[in-house]
Structure formats: structure tokens, C-alpha cells
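A.B. asks: Chains as they are written, first to last, in the numbering used here: chain W, 1 to 251; chain L, 1 to 384.
Worth flagging that the hints you see were computed from the coordinates, not collected in a lab.
These figures come from a predicted structure and were not determined experimentally.
Heads up, some of the hints might be wrong.
Every beta carbon over 10 Å from chain W, so not counted as near; a handful from chain L, in silico [stated by the list, open to error]:
1) ILE156
2) THR180
3) TYR186
4) PHE311
5) LEU336
6) THR337
7) ASN358
The calculated lysine-lysine pairs, modelled on DSS-like cross-linking and capped at a C-alpha distance of 27 Å, are [said to hold, decoys possible]:
8) W/LYS123 to L/LYS7
9) W/LYS196 to W/LYS168
10) L/LYS7 to W/LYS141
11) W/LYS123 to W/LYS140
12) W/LYS128 to L/LYS7
From the structure, some residues in chain L lie toward chain W, with a derived Cβ separation under 10 Å [stated by the list, open to error]:
13) ILE198
14) ARG201
15) PHE207
16) GLY208
17) MET210
18) GLN212
19) ASN217
20) ASN222
21) ILE238
Virtual Cβ for every residue (Gly too), placed ideally from N, Cα, C.
Below are the chains, spelled out letter by letter.
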Amino acid sequence: MGILSVQDVNKSFGGLKALSHVNLDVEEGTVHAIIGPNGAGKSTLLNCFVGRLEPDSGSVTFADRSLLGIRPYEINQIGIARVFQTPEIFADLTLIDNVMIPAFAKRDGDFKVNMWRSVANEKGVRGKAMAMLEDVGLDKKAEQIAGQLSRGDKRRLELAMCLVQEPKLLLLDEPTAGMARADTNNTIDLLKLISKRGITMVVIEHDMHVVFSLADRISVLAQGTVIVEDVPEKIKGNPKVQEAYLGGAHL
Amino acid sequence: MVETFKKYSDAILMLVFIAAVLAGPVILEPVGAGYPDLLQKFAIYGIFALGFNILLGLTGYLSFGHAAFLGVGSYTTVWAFKLLSMNPLPALVFSVLTAGLFSLLIGWISLRRTGIYFSILTLAFAQMCYNLAYSVLTPITNGETGLQLSQSDPRILDTAFGRDYGAVLPSSDLFGIEMTGYPGFYFCGVLLIICFYIALRIFRSPFGLMLQGVKSNQNRMNYTGLNTRPYALAAFVISGMYAGLAGGLLAVTDPLAGAERMQWTASGEVVLMTILGGAGTLLGPVIGAGVIKYAENIFSAFNEGTLLSAFSFLPETLQHIAVSVTGLFVGEGWHLTLGVLFMVIVIFLPGGLMEGVNRIINLFRRSTGGGGEGSAQAAPQPAE
Ligand SMILES: Nc1ncnc2c1ncn2[C@@H]1O[C@H](COP(=O)(O)OP(=O)(O)OP(=O)(O)O)[C@@H](O)[C@H]1O
Ligand SMILES: [Mg+2]
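Turn these sequences into a full structure, and let the hints guide you.
C.D. replies: Structure below.
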């Protein structure tokens, strides 16, 4: 069994069955991509991993620990970080503050009243945050207010905020949407580098170039069910997948 | 050069603040505010607003019930005077602690909600305290008359140390220094400086950064492994303790505690002070408190006689019209002036007076060609 294990998960919104009998097994240190048409239930599935949604039935475990019924901040403290489909950043703080907050969360835990220390003297945390901004190519903008960034830059910032925590599992919901080609390629390189460090990743992506450059395995989701799960080479030619994508225009 | 300035800017800010407070009587003399009673009010309400800003300015939670903690602070101080000693120090320690306990309880419940529901919960709690003070709690609060000192109070510490006030009603003194006049002001002033220093440390600390995170994006905080509730609660309790200290000081300078101190208008006033000065800035709330207390002092002092003489240059009918119109805004009606002032600020300077100051500084920098990378951080712009 892999580090992240999803068994028979179901989730309905009123009459809409967003997920039905979903199984997923992610091996430690691999990149697992989830693809599928719009509204397939990809984001819903990630929401079930981080405590944003509670599945109606089924189980989700990470390193043999159930992720159901515990709160988002506890899930993060276990070592799971998430990049959202619409970037969730601290829009009115500077980039460096944006990255320092998660770095403090990693160092100090979910709550600490350290009001006599000075952020300016936290050289270690600051250095780590700055290095992370450099990795995503935002170090020049460190003192800017995050809300003023372009959509692509916001994504890279959010990625930096997750990576600075050195998570064990990184969940990415369309990490390159809204990015220019060059930025997309930089992001792919960065994610490859991170994957080499042994961080497990689950990536939702519409951009097949990204998916095939990164993924070790791919699950195809359509109308709430996993229709195929296989290695990338086998996914490309799979007729079921072509059908789900209406003639395979995307492939 | 710019870097060194940045490094020491907080130290400079602190020194300027200390100098301004200590020289307050001289600085404010030209505007007619250089006398201890008013200065003392500036300092006390400055403390109240400083604390309130730690909640509103950093976490974004808008409480409409902080007057309850002000009132609790006053009652506690008067009780400490009655039971223990006329020395303000133990009284203030108890005020801060009791207000802290109250805010822990009220905050713990109110923080189950955010936004407008949080505000309404705090308002409801404060009104509850206000009503209880007038009814069931009369044995503690002495109802409408207010809690007062009396000659027969036990004052066990004073008695133990052989301090006897004789047949007169005692007044508060710090080891023999009477807490009235200039000593009274400097006592409050020193506490204001200490409170400002603590606020500065909080603003610059990792804890303060987390509070800003709470204001900015609670969702992100949660998915970043941070438990937002205790952060907001800590800020709430700290601001409650500041309010307790301010309430205690009000009773030190005038040993009487009444329930009207807990009324919602008093809660609203601290909101106005903070926003008027600039929520989220360090100096803003203190300036806002000063401006409002100064305006109150000026405008509420006007009466029909002064108005009539002010408009005596006009023909009689015009004079009477002018007097009856302006009369609405002064004396008892000075709150109307406050309302207008507040609207003007919120519409034209949403960042408060501090935004205005920053704009002027930036203008000056641009015209002298200085600034560049060292230019002051732009005040948050209002949404278009
Ligand atoms: N909170 C919610 N309440 C009601 N319906 C929801 C909710 N969240 C998602 N849905 C519905 O569930 C279905 C799956 O949505 P989901 O966001 O998981 O799709 P997705 O695969 O991420 O699509 P996309 O590629 O567009 O991001 C959609 O029909 C959506 O409208
Ligand atoms: Mg989605």
C-alpha cells in the first residue's frame, strides 16, 4: 500500500454524484497525475484529502493515518501541503512575509505566542524563505505586495509557500494554469527537482505537456469515477481516455 | 544609509514617541491642550486604542464590545482601592488581570463566528455587562450611583503599612505622589510609552505576522498548518487587557466607576479612534484617540453664549440662523461633528490620518527627488 491511499470514496452534492467509488494509491516518492474533463471531480477529490470536504463514505489514509475528521491545519502539520486551483495567498502582505508565515508554521507548530522575538532577527527563517522565492524566480519581487502579482506569479508564490514547509506530500491543483509557456517550463523543472528530493506529489493538470513530463502514474477521472489508472505511455493510446476527452482533442 | 535607517527606524520611532509624550505639555500648549487633565485623557484613551488596534488592525476582527473591558477595569481598580490600597499599582495589575479573564471568556465565545456575526456577539456581550451592572450586579457595581470610595473602606494594605487618610476621602497616590495634575499625567504617559513599546514588539514579531495572516486569508492560514482561533483569541485578550488598564487608569485619576463607561457608545468611540487614526498602523490609534478627545473637549465646551458672540459680526437674523445651525454641532451635539469628521476621513482617507501623513511624506520625497528604494511603504489603497 502506498503512502496515500484512497479507498472507495463517495461524495455527493445534493443529487450530484461528484465522486463515486474512487480508489487511488500513491507510492511514496512518485508523482501521480489526475486528469479528466472539467467537472470530473478532480478538485473535489483533493478537497477530501485536506479536510475541506468530508467524503460521504470511504477512507483516506496518509502513512497509515486516517485523514478524515481531522482539521485542515492538523493535516498540514502531518506534512501535506496544497496549492489551490485559485491561488490562496496573503494578498495584502509582501511576498517574503507570505513565504515566512508557512516557514514559521513548520518551525513553531500550529500556535505559538512568540511576541518578544523580532521577525527581522529570524535570519534562519528569512533565509529559507528568500531561497525559496529565488527557486521560483520571485526573489526580485520579495518586498512587493502579493496582491499585485500576475496570476502566474501568484501560483508560483503559492508553490513557494508550500515548498518552504518541505512537505511529505504536495497536492497541486493545476499548478501551471494561467502561466506563460516559459514559466510553465520553469515550473516543470522545479517540480522535477522537488520530486527528485523524494517529495510525493499529486498533480491535477489539464496541460498534457506538464502531465507527461512529470507523472509516474496517471489516473483518469470522468464523471466522478476513475476510468483508467496506468503509466503515462499506456494512457496515451487508451481508447477509454480518448472517449472521455471527446475524441481525444487534448491528447 | 537607507539600510541603516531601516535597521534603526523602530528605535527612532520609539525615541520620537517617548520624547513626544514627555514633552506633551509643551507641544500641545499652542493648541490649548497643554493641561494635565486633558493630556491624561489622551494618554488613557491612547492606551485603549493601541490595544484595540492589536485586534482590529492586525487580525481584522471588529469588536463592538470593548467598552465592557474598560468598565471592568474601572470597577476592579475602585474595588482594589477600597479593599487593598490607594496605590495605583496593585489596582492596575488586578484591572489588567480581570479584564484579561473577561476577554478570554467573551472572546472564546464570540470568536466562534467571524465578520459581522462576531461584531454583533461582542456588542451583545457588552450590552449584557452594561445591563447587569445596573441590575443584578448592583452589590458589586453600586448601580446607577456608581462605585465610590468611602472613608470606612478597609484598605487592608494601607492599614497594615500604617497609612491613614484621616477623616477625608482618600485619593490615589503612588508612594506619596498624588495621581492628579502633572504627576498623574506622567504616570499615565509612562504607561502609554510601555504599552506602545509592547505593541511595537507585537507588530514586529512572528506572532504579529501570524495575526496579519489571520486578517489577510484565514483559509490559507488553515491549509498552512496554523490554528487561527487561538491566534485571534490571543489578540482579543491582549486588547482586552489594554482596555482593562485604560479603564483602571480612568478610575485612578477619578476614583469613581459607573456603568455608562460600558455603554455601546464607548465601544463605538474606540472603533472611531482606531479607524480615524489608521487601523493597522502603530501611531494612528494614539493620534486618533488624541484628535477625538481634543475635538470632544473643544466642541462640547461651546454653548449658545460663545456662539452668539462668535457670530456677532452678522446682522441679527443671520446671527440667529448661524447660531442655531452651528449649535447642532457643538455642546451636547458634538457627536454630530465627530460623525461628519469620521465620514470625511473614511471617504477621502480610508487608511486614516496616518495615510494622509504618508501621502504628504511621499509627495515631499518625490518633489525632492529622494526616496527611491527607501520610500515609505505605500499605504494600502482602497479597492477601486
Ligand atoms: N461545494 C460544492 N457544492 C456543490 N457542488 C459542487 C461543489 N464543489 C464541486 N461541485 C460540483 O462537483 C462537480 C465536480 O467539481 P470539481 O470542482 O471537483 O471538478 P474538477 O474536476 O476539478 O473540474 P475543473 O477541471 O473544472 O477544475 C462539478 O459538477 C461541480 O459543480
Ligand atoms: Mg478543479
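A.B. asks: Run every hint past the structure and note whether it holds.
C.D. replies: Each hint tested on the structure:
A cut-off of 10 Å between C-beta atoms confirms that L/ILE156 is not in contact with chain W; the least separation is 35 Å. The non-interface label for L/THR180 is consistent with chain W: the shortest C-beta to C-beta separation is roughly 34 Å, beyond 10 Å. With 10 Å as the threshold on Cβ separation, the claim that L/TYR186 sits away from chain W holds: the shortest Cβ distance comes to roughly 26 Å. No Cβ of chain W approaches the Cβ of L/PHE311 within 10 Å, the least distance being about 48 Å, so the stated non-interface status holds.
L/LEU336, annotated as away from the interface, keeps every beta carbon of chain W farther than 10 Å; the closest lies near 34 Å. With a minimum CB-CB distance of about 32 Å to chain W, L/THR337 clears the 10 Å threshold, and the non-interface call stands. Consistency note on L/ASN358: stated as away from chain W, and its beta-carbon is indeed over 10 Å from all of that chain's, at 15 Å minimum. With a C-alpha separation of about 14 Å, the suggested pair W/LYS123 and L/LYS7 falls inside the 27 Å cut-off, and the hint holds.
Of the supplied pair hints, the one linking W/LYS196 and W/LYS168 holds, its CA atoms being roughly 12 Å apart against a limit of 27 Å. In summary, the hint linking L/LYS7 to W/LYS141 is supported, as the alpha carbons are separated by about 20 Å, within the 27 Å threshold. Simply put, W/LYS123 and W/LYS140 have alpha-carbon atoms about 18 Å apart, close enough for the 27 Å limit, and the pair holds. Of the pairs offered as hints, the one joining W/LYS128 and L/LYS7 holds, with about 20 Å between alpha carbons and a cut-off of 27 Å not exceeded.
Restraint check, L/ILE198 versus chain W: the minimum CB separation of about 8 Å is within 10 Å; hint holds. A hinted interface residue such as L/ARG201 counts as satisfied when its beta carbon comes closer than 10 Å to some beta carbon of chain W; here the least separation is about 6 Å, so the hint holds. The beta carbon of L/PHE207 comes within 4 Å of a beta carbon in chain W, closer than 10 Å, and the hint placing it at the interface holds. The closest approach between the C-beta of L/GLY208 and any C-beta of chain W is roughly 7 Å, which is under the 10 Å cut-off, so the hint is satisfied.
Proximity of L/MET210 to chain W holds as hinted, the smallest CB-CB distance being about 7 Å (cut-off 10 Å). Contact between L/GLN212 and chain W, as hinted, is supported at the beta carbon level, the nearest pair being about 6 Å apart and thus within 10 Å. Because the smallest distance between the Cβ of L/ASN217 and any Cβ of chain W comes to about 5 Å, under 10 Å, the interface hint for this residue holds. Because the smallest distance between the Cβ of L/ASN222 and any Cβ of chain W comes to about 4 Å, under 10 Å, the interface hint for this residue holds.
A cut of 10 Å between beta carbons decides the hint on L/ILE238: the least distance to chain W is about 8 Å, and the hint holds.
When the structure is compared with the earlier hints, no violation turns up for any of them.
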